[in-house]
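Q: Those sequence lines, one after another, are chains W and C. Residue numbers for the first sequence follow my numbering, beginning at 254 and rising by one. Residue numbers for the second sequence follow my numbering, beginning at 157 and rising by one.
Just so you know, the hints here were simulated from the structure itself, not pulled from any lab data. This one's a predicted model, so the numbers in the text were calculated from it and none came from an experiment. Please note that the accuracy of each hint is not assured.
Restricting the straight-line Cα-Cα distance to at most 25 Å, the calculated cross-link-like pairs of lysine-lysine (DSS-like) are [to be verified]: (1) Lys251(C) / Lys282(C); (2) Lys251(C) / Lys464(W); (3) Lys251(C) / Lys276(W); (4) Lys251(C) / Lys525(W).
What the simulated footprint calls covered on chain W by chain C, stretch by stretch (three residues with Cβ under 8 Å from a Cβ of chain C suffice, anywhere in the stretch; the number is not a length) [what the hints assert, rightly or not]: (5) 259-266; (6) 327-338; (7) 359-373; (8) 386-393; (9) 411-424.
Where is the CB? At the ideal position from N, CA and C, for every residue including glycine.
Given next are the chains, with one letter for each unit.
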Amino acid sequence: MTSAIYQIRASYAFVERNLNLIKRYWSWEIVWLVYSIADSLAVGFIGVGMGVISGQPTTAVDTRYLVLYLLIGTLVWRFLSSIFYWMTNLINIERWEGTIEYTLMAPIRRLTHMSGQTIFAVTYSLLFTGVILIVTTLMFNLNLSHANLAGGTLILMAGSFSFVGIGIMASVLPLLFPERGEQMTHVFIALLLLVSGVYYPVNVLPEALQKIAVVSPATYVLTGARHALLDGYPTGKLWPYIWPVLLMGIVLIPAGLWIFKRAEIYAKRAGKLHRNG
Amino acid sequence: MDAIVASDVYKIFRRPRDPIWRRLIKPASPNGNHNHNGQHAHVGKNGSKPVVVAVDHVSFSVAQGEIFGVLGPNGGGKSTLIRLIATLLLPDQGKIDVFGYDVVRQPMQVQRAINRVSVEASFFKKLSPMENLLYGARLYGLTGSETRKKVTEILTRLGLERRSMFNPMEEMSRGMQQKVAIARALLSRPRLLLLDEPTTGLDPRSKRDVQAVITELRRDHGTTILLTTHDMIEAETLCDRIAIMDKGRVVALDTPAGLRKLVPSNNGLSPSLEDVFLELTGRALVTEEDENGG
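This is chain C alone, in the form it adopts within the complex:
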């Protein structure tokens, strides 16, 4: 049985319409346009709310124990895809099974098997890492004593000092907060770990710590990992297979070596995943706006 089977998944979002005065000044293009995230937006039928296609008929499967990468620009549909698998969004069409359980009809079974780390480390900022992780772990049925022991183990492994575990999260750097977010996901021993740009904003040392944990998880526990990233070296180093997403669609899916074969070599140099992305989509993976946090 595969860890994830996504079949023809489609997800749209309706955006609030502009105020009438703005619509009068600037009529919407009948052919649709791109919003600031690069997502493809259409005006709905009969002038209804504009529609953004976030995931556009995506199908793929991930084997158990596989590290599966999803590469794409901001607004490409990566985070929406992760939220659909994590039961935080409901698909408009198509079906997603996680270890044989339907994410829409059997969400509780899916939730027991998964955990997620998002690009924003979301915590109760006044609470300490230990207090936040106790809360998170109890939601997954862990006791206080086993959580305290595990938290110390995991955070030490991730390079966090023991005294930092009892100070408010708001006093920690973004990198440290992200490590606590990873610890939160690991506490419940998920069979499937959804990592949404887990290393974005981390310093090189922290990045390596997180990448080493990802590799260990698969090696020691057989955890299946779905990883979205902008970082092509990270994707190439960690992932068994990579899907390239753009404008909600999977434009290519293969092993890193297989993807590079899609593009002819340039002056005898092997193409990078960036070259592959450029060739397939006609635009850069990380734009200047992305780099500036846009």
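In isolation and in its complexed conformation, chain W is listed as follows:
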């Protein structure tokens, strides 16, 4: 068997395993979907109620724009954070189940390992976010006829690569800190949520945070997605938001793999693989 076929088969192991886990934990998946829909709807209702909150006449606030602005934020964030958490599940799930030694003992490249998890993470996150999009569109009676849905999806996919890279980096935490590593990964996502303009424009942030926003891939994905879906930008006009996230992905994925490899060597030297957190 050639090495390439061997590695492709091995990468499918992660896709199939995750599908089986979803099948077995189906009730949890439903709970999570209901929670995510309710959360997105709640954010949307902030837009609906903004006129009342601010004491402005309803005609002075473009409610439709505001609701869509907030919903794009919550949907894009749901998608990107889902990818992030599935990538950190490279290690989290295995720590939880105690199978990490068997996976890291298998004759597969880390690239193979990450590829399988990436294929699953992106596909799952796209479907999951799609369901929320359908429900919120129906609930708020959104008119997406002028939206460039293909362009919005394109920028989401481009942005997913950089979140794969960040997820790989964050998965090092549960590898090195068996007891608390999983909780520590939330720091990454919380910081990105703060600076990337998920629910507000980045320019309302203090100057220091605006500087950090420049290096967050989510900033470009959110801005590009809003232009595509709110303003109906043609796909060609989205390029200024696509190339930075592609570039970040090109840098972050190899950097993540390199960091993971170094952490794995350290874990093997310090005996960190054996302990179940």
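Chain W is fixed; fit chain C onto it per the hints.
A: Same frame as chain W, but now just chain C:
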């Protein structure tokens, strides 16, 4: 070429230091002490983290097709030695070759030739044996159809009912889970099988099933087996040679008959391996704490 060549292998673990208030109340002994696993612990230089010597300058070789036993108490270094061979730990000193491949520099080649069964049957508990084994087998390049066929064959051979193969692992007894763990290791047809106390916790019938599979593997496929165990009868029955490990060191290595010769007979009775262990180390192989799962 030997299946395993271990040369002067040394492995230490640094343990987190006690909080300062505890160190103030109970200063560490300058001569080191033993931790709860019986491993020998030293306080590091300049008050740095305490160091546990898990494997202490161990050298041995295992021939291809040999069943090599490692006997010793909990904390004696057996599992650490297996993890070093399995590429899950990196040695601090020394070298291990598996079929001529260095475990540190050529881990992928080593990993293709080996598989391991540990004392804890680690699985995705909600997944069925079939789903777990499909995952494990694909990591070794097997296809879904050949895995399903092999899984049924192996698990049936190990005495598992067909309907159990599709129920979640969490519904299975420990003995059944351990059989699935053995099946996982056999699926990849390893040239070297590392068995870390594979029969611990199994009922006598399951134990015999597993022991019969070990014998068959060597007879039918020429598989080399490194087996760690507390069970002296198992070691004596299965193993061609046995290394006795204590506090990370190999204190004796010979055939079972050769080991017994190290101890004088008592009232004309041939000494057991337990007697040999007591004589060589001054302590029992299985302590009351071990038996209680300590």
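Q: If a hint holds in the structure, say so; if it doesn't, say that too.
A: Verification of the hints:
As the CA atoms of Lys251(C) and Lys282(C) are separated by approximately 39 Å, the hinted pair breaks the 25 Å bound. Distance check on the hinted pair: Lys251(C) and Lys464(W) sit about 50 Å apart at the alpha-carbon level, beyond 25 Å; violated. Restraint check: the Cα-Cα separation between Lys251(C) and Lys276(W) comes to about 44 Å, which exceeds 25 Å; the hinted pair is violated. With a C-alpha separation of about 21 Å, the suggested pairing of Lys251(C) with Lys525(W) holds against the 25 Å cut-off.
With 5 residues carrying a beta carbon less than 8 Å from a beta carbon of chain C, the stretch 259-266 of chain W meets the three-residue requirement, and the given coverage holds. Counting residues of the stretch 327-338 of chain W whose CB falls under 8 Å from any CB of chain C gives 0; the rule of at least 3 is not met. With 4 residues having a beta carbon nearer than 8 Å to a beta carbon of chain C, the stretch 359-373 of chain W meets the requirement of three or more and the stated coverage holds. Coverage of the stretch 386-393 of chain W by chain C is violated [criterion: at least 3 residues with CB-CB distance below 8 Å; count 0].
A count of 0 residues in the stretch 411-424 of chain W with a Cβ less than 8 Å from any Cβ of chain C is obtained; the coverage claim is therefore unmet, three being the minimum.
Hints 1, 2, 3, 6, 8 and 9 from the list above are not met by this structure, while the remaining hints are.
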